[in-house]
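There are 2 protein chains.
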Amino acid sequence: MPAFSFRVTHVDGRARRGVMTTAHGDVQTPAFMPVGTQGAVKGVIHRDLEQLGADILLSNTYHLYLRPGDGLIARRGGLHAFIGWPRPILTDSGGYQVFSLAARRTIDEEGVRFRSHLDGSAHLLTPEKAVDIQAQLGSDIAMVLDECLASPSGEELVRPSMQRTLRWARRARDRFLTLYEKRGRESFSDRGSFPDRGSFSGDSVIVTNPAQAQFGIVQGGVSPELREESARGTVGVGFEAYAIGGLSVGEPADVMYNVVAGTTPCLPPDRPRYLMGAGTPQDLVESVARGIDLFDCVLPTRNGRNGQLFTSEGPINIKNARYAEDDRPPDPACGCYTCRTCSRAYLRHLFQAGEINACTLNTLHNLHFYLDTLRQIRDAIAFERFESFRAAFHQSLSRRLHDS
Amino acid sequence: MPAFSFRVTHVDGRARRGVMTTAHGDVQTPAFMPVGTQGAVKGVIHRDLEQLGADILLSNTYHLYLRPGDGLIARRGGLHAFIGWPRPILTDSGGYQVFSLAARRTIDEEGVRFRSHLDGSAHLLTPEKAVDIQAQLGSDIAMVLDECLASPSGEELVRPSMQRTLRWARRARDRFLTLYEKRGRESFSDRGSFPDRGSFSGDSVIVTNPAQAQFGIVQGGVSPELREESARGTVGVGFEAYAIGGLSVGEPADVMYNVVAGTTPCLPPDRPRYLMGAGTPQDLVESVARGIDLFDCVLPTRNGRNGQLFTSEGPINIKNARYAEDDRPPDPACGCYTCRTCSRAYLRHLFQAGEINACTLNTLHNLHFYLDTLRQIRDAIAFERFESFRAAFHQSLSRRLHDS
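Here the protein sequences line up with chains A and B, keeping their order.
Letter by letter, the first sequence follows residues 1 to 404 of this note's numbering.
Letter by letter, the second sequence follows residues 1 to 404 of this note's numbering.
These are calculated hints, taken from the structure and not from any lab test.
Every residue, glycine too, gets a C-beta built ideally from N, C-alpha and C.
Hints may contain errors.
To give an idea of the interface, some chain A residues facing chain B are shown, with a C-beta separation under 10 Å as derived from the structure [to be verified]:
(1) G39
(2) V44
(3) I107
(4) A261
(5) G262
If we strip away everything but chain A, and leave its shape as in the complex, we get:
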């Protein structure tokens, strides 16, 4: 089972192309991770995700912890075995959903107390608990628990929250090292091999993926100083890699781009950088231009279910009556299954009729658009023509007014 590693293979300006290696295979970066909240990307089965070229899937700890439970998943051999996805998986910490979905949540230094949105049951999520749950899930990349503020907050709220996130990061890393050092693993550099490949159990936690990596998260709102302080502190704790959290929560795009531009130089160049929760196709291109390697976002999947299709000339809303007799594919420039076989008229009919296949076909197209955009980005970086790709991409998107 290979240890987690990352290698930058091409640099073009601040954009990087690379390969992230995990126990379940390689991820070509910059990469987009489709969101499979409950162990499934809504409307798209795994086979189609693989055919679309998805290297890595994101799944949500909060949802899986509540249902079917990390214990049940661990007894199945971990999330990969349970859901039948053989490639890399990243799990979030559960924090974001606790802050956005759960009822009656209270936060203190120990962690977050909340009630399940499913049955009202009481739970406590601590930095250590988030590590334990993800150890049982056995994802290839686990995220630390961070405090997620409502967007955008003032510095008087952001500073203490960022500092608490730093203290939680230390606790999360300690817990992670305690769990995994039982296998003789102590640091990023010397985790090359393990005595065997099976899972092991520590403190009644079943570790289902001994080669799991842990990413820290930089917070600090929109303040360059707080972001830098958070980055320095998080890197000081020491993780396999680092994410930028707390963005893509309603702030203007330019503000996000500036925070990204200011933060990536504070992160080690030999580790992948993950911008959490972003974003639009433009956000992806602009963030790659500022040194980001990994993305996840619900836009292609959620908006697909709502009838919005991303195209090379901007999004279209398939519900629109103007498409009722439009025989063109959603995006004439696209080669995906949906665009090869379905007209806008048919897709509109399926959506209006409430057919499940509308969700599948729209999501297939949107994920293809996102994954293909990342493929083009990687190619452009490899040939040192990222800037011209970036200019052409924005020009194409501005070619006509969007209708949604």
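Guided by the hints, dock chain B onto chain A, whose structure is given.
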């Protein structure tokens, strides 16, 4: 564009194997037609239907007439072009849905007046109108409008209804011949070719498939005498082939089998015989044994969405708590995508979590089970071992108690 034709290639007892040729390709019979009510099989995109080996799709005239409208579909070039399905399509007449779904319906000799279940709008469906709508849809096989009685009715209701269905059949055939004879087409035997392949317009009806065939429907409830009278009358009108309607509506299986056994000898042996709306896997095997060639049924699709999976040892209900930690595939004897990649535990989780993919994966499996059963039936007939297949099939199904 080939004319409609049918050729029996093997006979084994009363079971037949054959090839039904349509303008959009061949159908190996006995065949099962997945139901794509609104131009889509819920949860399964066309590519997967083709991979499952579906030769022919059934679609519903009532639904498509109301939304998006047969006129809109005709302007797209017909149903095949609109939905992007290049293989054969059979459409029902719309009658069954009018009788089961529509509000405030009244029936008289002219036809059925009803209000749309979508928007309450008033409509009149006549035998002629059902022909016109299906001409615009351009299916390969159109069904005549018949009167559908609530199940099971007494002879005092069945006889006049069956006689009305016969009068409607005459009107439907007249309308069909009027529409299509403009292309020089008058009878089954001499419809081999047309001057060109395009659509044509007659009486403001756009005929989008000049090679469409029309099937008559035998009614008569559970009375052998009425069934025989209906069969004689319907064959007397003269259609490309014949269906048995009014079964699989709640009567005991043995009653249905007896009606089928009594009716098929009254139908021409050189034309396909279609048992409408049936049935369970056992129903299919038993009806093939009595000379049936075509089936359609919502069971594999609707029950799949409700969590019921057909297996070689009987149906299982994936909702059942006993499957929460069951790592076996739904049917260890099955080679479908779902059984190759998903455990019962994962499928139960997806169902409990309300994931769309539960519908897709369950339906993929159930359709595979149905289509594979028909493949086995065809092979058995070709090798003259249908009786041993039939015995083994029932024995396997009775091997354990069903749980649903």
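Hints versus structure:
Interface restraint check: G39/A against chain B, minimum CB-CB distance 7 Å, threshold 10 Å, status holds. Of the supplied interface hints, the one on V44/A holds, with its beta-carbon coming within about 8 Å of a beta-carbon of chain B, less than 10 Å. Evaluation of the I107/A hint against chain B yields a violated restraint, the C-beta minimum of about 27 Å exceeding 10 Å. For A261/A, the shortest C-beta to C-beta distance to chain B is roughly 38 Å, which exceeds 10 Å, and the interface hint is violated.
For the restraint placing G262/A at the interface with chain B, the shortest Cβ-Cβ distance is roughly 39 Å, beyond the 10 Å limit, so the hint is violated.
Hints 3, 4 and 5, counting from the list given before, are not met by this structure.
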